[in-house]
Amino acid sequence: MQQLRYTPFHERTSALCQPQNWRKWAGYFVVGSYEHTIDREYWAIRNAAGLIDVTPLMKYMLKGKDAANLLHRVTTRDIQKMSVGQVYYTGWCDDEGKMIDDGTVARLDETTFRLTAAEPNLRWLMMNAVGLDVEISEVSDSVASLSLQGPNSRVILNRVCESNLDGLKYFRLMKNKLDGVEVAISRTGYTGDLGYEIWMDAKDAIKVWDALMEAGQDYGITPVGILALDMARVEAGLFMLDVDYTSSGHAWIESQKSSPFELGLDWTVALDKPGYFVGRKALEKDAEVMRREGSSWKLVGIEIDWVGMEELYAEVGLPPQIPGTAIRASMPIMVGNVQVGYASTASWSPLLKKYIALAHLQKPYYELGTDVRMEITVEHQHKHAPAKVVKLPFYDPEWKKK
Amino acid sequence: MVAAAYLAKQGKKVLVLERRDIVGGQVVTESFGDGFTVDSLHAGGTLRPDIIKHLNLASHGLVVDSVRKPFISLQADSNHLIFDANPAKAVESIKRFSEKDAANWIPFLDFMKKATQFIETANSTIMPRLPKGFNLSEGMALAELGLDLRMMGGKDMMRIIRGIPMTADEFVDEWFESDVVKAAIASLGIHGLTLGVYGAGTGYTLMHTWANRGGMSHISVQGGIGKITEALASAVKSFGGEIRLNAEVKSIQVDTYTCKGVVLFNGEEIAAKNIISAADPKHTFLSLVGAMELPPEFVWNVQSIKMRGSVAKVHLLTDGKHGIPDGTVALAPSIKYLEQAYDAAKYHSISEKPYLEVTTSASESVHPLKSVVSIHFQFAAFKLKNGDWKTEGAKVENIAIDTLAEYFPNLKSSIVNRKVITPLDLEQTYSLTEGDLNHGQIMLDQFMFMRPIPGWSNHKTPIDNLYLCGSGVHGGGGVSGASGRNVVRVLK
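Chains as they are written, first to last, in my numbering: chain E, 1 to 402; chain W, 1 to 492.
These are computed hints drawn from the structure, not numbers from a lab. Honestly, I wouldn't trust all of these hints.
Said to hold, decoys possible - To list a few chain E residues with every Cβ distance to chain W over 12 Å, as calculated:
id: 1; residue: Tyr6
id: 2; residue: Gln18
id: 3; residue: Glu35
id: 4; residue: Lys203
id: 5; residue: Arg291
id: 6; residue: Tyr313
id: 7; residue: Glu315
id: 8; residue: Leu352
id: 9; residue: Tyr395
Unchecked claim - Here are the simulated EDC-like cross-link-like pairs (lysine to aspartate or glutamate), alpha carbons at most 16 Å apart as the crow flies:
id: 10; chain 1: E; residue 1: Lys281; chain 2: W; residue 2: Asp255
id: 11; chain 1: E; residue 1: Lys401; chain 2: E; residue 2: Asp166
id: 12; chain 1: W; residue 1: Lys132; chain 2: E; residue 2: Glu96
id: 13; chain 1: E; residue 1: Lys81; chain 2: E; residue 2: Asp272
id: 14; chain 1: E; residue 1: Lys281; chain 2: W; residue 2: Asp464
We treat Cβ as the ideally placed atom computed from N, Cα and C, and that holds for glycine.
Can you build the whole structure from these sequences, using the hints too?
Right, here's the structure in full:
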């Protein structure tokens, strides 16, 4: 029997979770929300600091002379250019150039890397390591991770860490001691805000949680569940595997697969790196088509027009109804009477006071400023609310990278 | 060598790199001592007649025996079953075991002729890359193959198709009743393979071996089987090609899925526009190209190619008084005997009661009176559960000699010199991964459009300008030259 498992923080998170709002994430129970509404958690991310248990991330350690070669082969980034202490965001593809998964790679030292993924990738890594001198181990269980996100995150960490974090740049990683516990801290996250992810041995999890909660008490530190995180990541324009795209590994049909270009990951595909990497031939072809005639699909942001929505609700005598959490559903997007794409996640943005969505649109409708309409249900009836294609991310505070 | 000769004939600049000091790979005649000259691995072989003709190999000294020697199945009472090339004579011998089987022999020969014709046509057809779909020319070739099969008439067509997945036992069982007759014929289905006569697909391999030999017995080559590759080498040179000996390739150089050339073990780099590898696919891709240059699914497929060699060879130099008759002499007394011989391979050991195929030859050059006895020994697993091939060679040698001496009491006293070639020698000396003579077992999941791997059955590889020929690709398995002839057709 394979039961859902508890993360190493469960003792703390379960004591705080008032509504018993639990979610499944990669075989673990995680908190959906700690309170009956998620507003306070959301605003903690944007105004103070949210503490999120992200242990269920799949984590792999790659160690050995050829660790960089393996990542060079598997991912689309130029790993050879990566310095120790640097973190790359990357996707990886099958040999047809279709996305399998995405995550971050951290270079811990010359020959050691940590890769995170949304789904199990051990077999894929092993398959690609034939003939290479690299030891691949899954550390999803043994390494616990916390994400501390929000404008106060740095000051809280500085209070409790041995080394100051002021010099730690965006997408960099440092070793540190947090209340005496050895941790690695990367300036990364899934909120588009100032934020850090803290990586520790699972046995130290409670100690680190307690130290952070204590140090952050005066700075509004708030345990945050993944529902509020989901809203924040939409504002940040960050997509999610199995919600906003389908892994080529379990797509039923070709059209469910996505190339990195279609997801707007052009900047992560290093076609100038030397030699073969998985998917290269197909991606070169895609890039060529893109240059010539543009991508056939693109992931973009859309803003649904509030006034337009108000009118649709007014027809039935209601004010606009907005969901309290991000909606993970496919919502058709129209131009005239023709469907030109679909939104895969939509959310009310409390900060921007806008209804926003991540949408997949066909050429040429993904151009900025294009007027489209998104399907919504008003009192059990299909309606189409006016919307506009906008730039991603929706929210990009200056302190994210500062 | 066949591909090289064809390309040189077309006027291409051809360089053949041979790792040993003798050309030919498995098709060599070598000397292991004074007067001890043997056909090292294969007792006979027949290049496809069209190849001999196209390359004019007769003018390069290739003389194929026109008379087929008999296939003799040894019996304990010395009342051996003799399949003579003359069908009438064979019928007489079969009669001693079964009147009914004797009556079926000539119809069976007719059927096998059609099966041979089908396999010949299949081996001349470049297999499309299923399931990727195929282009018009591939489709046409496939349609011709289908037509060929259809022209045989409905009954024989069905029988050939049914025969492919059958076991060799079932295959012969439909024609014959005598266990002796059945076993002798069924032995062709497991010859050179790690399969038993109760193994699915040995119906196909029976037809395959029959087609390669053109019948049950080997056709020997005057002066040794090495004359085939010597003639080919001579043809290559006459067309302006170059052959280099002692030039083992260390790696195939690849720059982003395009091959650029090779590096030899002596460090020399040789640039080439096209490279054709006749090494087995596993060695070619995992050692010479390297997994790093290849797509992961492809690497996984190559890793999964079943090699599983279990053949050993024992060569004996004798004073000529061994008493073994001329021909292809098989120790395959019963269906059960063959299956039990295979069991040893299944459990990673050496058969105590092996299936043997023996040929004899006069060693003309030095000692006219001496004669070589060459024993093809099955089964001797490449991967041994107990023991090591560095020491187990002697065991194979002794079992082979003891077993054969039961039928030929004078054998032991006639032996002057001996040489055993173990599965490990096959890998180390002849560069056959896991000692597999076929560069990958011929099984239902590794034949036709699945050879060497599904999706890559047309000699091409994920590396541009790198092509495959040899036993490991379709047309291969056996000394026929078919895959070498075919690869030339897909070369850009």
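Comparing the hints with the structure gives:
no.: 1; hint: Tyr6; verdict: holds (34 Å)
no.: 2; hint: Gln18; verdict: holds (46 Å)
no.: 3; hint: Glu35; verdict: holds (45 Å)
no.: 4; hint: Lys203; verdict: holds (35 Å)
no.: 5; hint: Arg291; verdict: holds (19 Å)
no.: 6; hint: Tyr313; verdict: holds (51 Å)
no.: 7; hint: Glu315; verdict: holds (52 Å)
no.: 8; hint: Leu352; verdict: holds (42 Å)
no.: 9; hint: Tyr395; verdict: holds (38 Å)
no.: 10; hint: E:Lys281 - W:Asp255; verdict: holds (13 Å)
no.: 11; hint: E:Lys401 - E:Asp166; verdict: holds (12 Å)
no.: 12; hint: W:Lys132 - E:Glu96; verdict: holds (13 Å)
no.: 13; hint: E:Lys81 - E:Asp272; verdict: holds (12 Å)
no.: 14; hint: E:Lys281 - W:Asp464; verdict: holds (11 Å)
Going down the numbered hints, you'll see the structure goes against none, and every one checks out.
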